[in-house]
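Chemist: Next come the chains, spelled out residue by residue.
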Amino acid sequence: MNRAIQVLIRHRSPIILAACVTLLVTIGVLSGFRHLQLSLTEMLLRMTIVVGLYVFIGNSGILSFGHIGFVCIGAYAAGWATADPDWKQLMLTGLPSFLQDEQYPFLAAQAGAALLPAVVALPLGAAIMRLRGIAASIATFAFLIIIQSFYSNWDSVTAGASSLARLPTIVDPWIGLVFAVGAIAVAYLFQISRWGLMLRASRDDDVAAKASGVRTVRERLIAFVLSAAIVGAGGGLYAEFLGSMTVDEFYLEMTFVTLAMLVVGGIGSLSGAVVGVVVVTFVVEFLRTLEHGISVGTTTFALPSGSQEIGLGVVMALILILRPSGLTGGREFLEWHGDSAASQLALADRAVRAVEVGVTQIEQHKSEPEKDVSVPT
Amino acid sequence: MTVSEFLQNVIDALSLGSIYALVALGIGLLFGILRLINFAQGDFITIGCYALIVPSTDVTARMLIGAWSWPVLIPSICLIVVVIALLTDVLVFRPLRRAYSPTLMIASFAVSYIIQNGVLMIYGSRPKAVNLWSELNTQILIGGLRLPLLQIVTIAVTLVLMSVLTLFLKRTLIGIQMRASAEDFRMAQYLGVRGNVVIGLAFAISGMLAAVVSLLYLTQSGSLSHVMGVPLALYAFVAVVIGGMGSLVGSVAGGFLVGIIVTFLQAYLPPDLRGFRDAFAFAVVILVLLLRPAGLIQTKSAIERV
Numbered sequence: 000m001n002r003a004i005q006v007l008i009r010h011r012s013p014i015i016l017a018a019c020v021t022l023l024v025t026i027g028v029l030s031g032f033r034h035l036q037l038s039l040t041e042m043l044l045r046m047t048i049v050v051g052l053y054v055f056i057g058n059s060g061i062l063s064f065g066h067i068g069f070v071c072i073g074a075y076a077a078g079w080a081t082a083d084p085d086w087k088q089l090m091l092t093g094l095p096s097f098l099q100d101e102q103y104p105f106l107a108a109q110a111g112a113a114l115l116p117a118v119v120a121l122p123l124g125a126a127i128m129r130l131r132g133i134a135a136s137i138a139t140f141a142f143l144i145i146i147q148s149f150y151s152n153w154d155s156v157t158a159g160a161s162s163l164a165r166l167p168t169i170v171d172p173w174i175g176l177v178f179a180v181g182a183i184a185v186a187y188l189f190q191i192s193r194w195g196l197m198l199r200a201s202r203d204d205d206v207a208a209k210a211s212g213v214r215t216v217r218e219r220l221i222a223f224v225l226s227a228a229i230v231g232a233g234g235g236l237y238a239e240f241l242g243s244m245t246v247d248e249f250y251l252e253m254t255f256v257t258l259a260m261l262v263v264g265g266i267g268s269l270s271g272a273v274v275g276v277v278v279v280t281f282v283v284e285f286l287r288t289l290e291h292g293i294s295v296g297t298t299t300f301a302l303p304s305g306s307q308e309i310g311l312g313v314v315m316a317l318i319l320i321l322r323p324s325g326l327t328g329g330r331e332f333l334e335w336h337g338d339s340a341a342s343q344l345a346l347a348d349r350a351v352r353a354v355e356v357g358v359t360q361i362e363q364h365k366s367e368p369e370k371d372v373s374v375p376t
Numbered sequence: 000m001t002v003s004e005f006l007q008n009v010i011d012a013l014s015l016g017s018i019y020a021l022v023a024l025g026i027g028l029l030f031g032i033l034r035l036i037n038f039a040q041g042d043f044i045t046i047g048c049y050a051l052i053v054p055s056t057d058v059t060a061r062m063l064i065g066a067w068s069w070p071v072l073i074p075s076i077c078l079i080v081v082v083i084a085l086l087t088d089v090l091v092f093r094p095l096r097r098a099y100s101p102t103l104m105i106a107s108f109a110v111s112y113i114i115q116n117g118v119l120m121i122y123g124s125r126p127k128a129v130n131l132w133s134e135l136n137t138q139i140l141i142g143g144l145r146l147p148l149l150q151i152v153t154i155a156v157t158l159v160l161m162s163v164l165t166l167f168l169k170r171t172l173i174g175i176q177m178r179a180s181a182e183d184f185r186m187a188q189y190l191g192v193r194g195n196v197v198i199g200l201a202f203a204i205s206g207m208l209a210a211v212v213s214l215l216y217l218t219q220s221g222s223l224s225h226v227m228g229v230p231l232a233l234y235a236f237v238a239v240v241i242g243g244m245g246s247l248v249g250s251v252a253g254g255f256l257v258g259i260i261v262t263f264l265q266a267y268l269p270p271d272l273r274g275f276r277d278a279f280a281f282a283v284v285i286l287v288l289l290l291r292p293a294g295l296i297q298t299k300s301a302i303e304r305v
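Just so you know, the protein sequences line up as chains R and Z, in that order.
Residues 0 to 376 (numbering that gives the first Met the number 0) are what the first sequence spells out, left to right.
Residues 0 to 305 (numbering that gives the first Met the number 0) are what the second sequence spells out, left to right.
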């Protein structure tokens, strides 16, 4: 019993995050407003995607502009699996028959939506994870455009520029919640795993991490594939939420909005990803309400339509300027100051020891050939 | 394929390449000095186009500045776009001087998003037909080749602008300071180059290039839309990467190369694959990054040191 409480306390930040999100959604759903339910569902889908983004961007420190490409792949995978077979036979003539003639259940479709992006991410990541800094970001951006171009022209399989339609719309706030909380759990477990820790070490100091034996490219690749799978599942949810979709749904606009959420909350922490989604959703919903107009007495004040987008852009620019590490400042929820400093000290200590071990090994390695030379003389 | 068809394609490629080269030059200039990949360069072009019809927001656009004669029109549009470019620097990028390159890229995304939605809010999403300098859309006959006058003007304007810019960068004091800053910004500052002046000037020049592109592009396309600059920025961005990030010669060479690749892919790809042209173009970007990360023309500052 005591041990269980200790575990809870140790992992308090993701538990509290998940609890807060659950509470928020429960209150929203119980309030009974239809419009609120839709907004909350969309918020949860975006949360799944942004947490997935965080798994790669937050832990590796490499900005990716390409993850919405994985969302697109995931969404279409789910779409192929669940669209009405009659419609598929008519419109998607290039689809293999196991997809064309069948209609799979939701969870099977979701598995496909997570798997296919991961399969694409593996070779792509293996190639571009060797690049540094801005070059890697540019390569991901190029990937986004390739996917967009590919999917919007592959008429016989994706219905091209027209929409992929006749999908069941079964995603409600509760399904969204399950996936968002699941994404938080996976992201947290990855973050505290040895892979996650090594990746974060390479984010903070690439050279020191390499010197301590971290295989940077491999750790990045693991995070890249995992995050592709999470955002792909988010894409699958989108497919079953919208009921019909086009490729343009998953392009620059969504890239901007999801990155804005991550940046506003703080790229460096899981709490940042979650907080960012909630805060940006509230700001956008608030502006949307103002666009519809607020009556004061007999007069109605309304912002011109488009204010929510401009407002979001301005909020994002302000955060970048005033609080570059986001609202959470790269810290986890309820990670009190002394605690964090102590754990950082411990980490630093471990790093120093690791380097010492490395140096000793190198010296041993160096001294060995010399011995060899000394034997004949 | 006949010889004249081929020559026609070459001219098409050069004129398209000119446009890309001008946009890429604007992006390359800022990247060299500021490490900023300015995604909003395309939206500066959009602003240049919409400035022609200000203040009319009618469904069928009426032109105010656009109806002026060209010696007044060109400087006015340049002035407007330069002011906007400088404003984005002062409001957004100047407070971010110390930020990392990807942060700057996100910031330019935000600027682009604001401009696009601002234009959308004022003018709506329906494209507007605009008739600018229609006399340039005539064709002239040279030795059996039908050449649109506009393409020749585009190529000529680009050559003139590039010569002027080269002279400016090589012969004037401030131009030399700009090149020094592109090479090593911090060192240049230590030696007395005023950072904000150089950066402001770089924004002004990119604004001017965007203004010129907007006029050339609009004369050709004849229609306004709030996302019209996006494809131009995307291709120019490819050009900058292929050419070598931060190298101005590289940006221009990359621009022409992209123009050539795109035109010839469009002309000679089998019809089924033509739609995938962009996918091929951006696959080239990833390949270049992998095989030659510093681009075709490498700058010294691109070499990362520990």
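Hint data in this document are derived by calculation from the structure and do not stem from the laboratory.
Any given hint might turn out to be false.
To be verified - Quick partial rundown of chain Z residues pointing at chain R, CB under 10 Å, derived from the structure:
#: 1; residue: 57
#: 2; residue: 102
#: 3; residue: 112
#: 4; residue: 142
#: 5; residue: 144
#: 6; residue: 146
#: 7; residue: 166
#: 8; residue: 167
#: 9; residue: 168
#: 10; residue: 240
#: 11; residue: 265
#: 12; residue: 274
#: 13; residue: 275
#: 14; residue: 285
#: 15; residue: 288
The C-beta atom is built at its ideal place from N, Cα and C for all residues, glycine as well.
Chemist: Sort out which numbered hints this structure fails and list those numbers smallest first.
Modeler: Checked against the structure, the hints that fail are numbers 1, 4, 5, 6, 7, 8, 9, 11, while the rest are satisfied.
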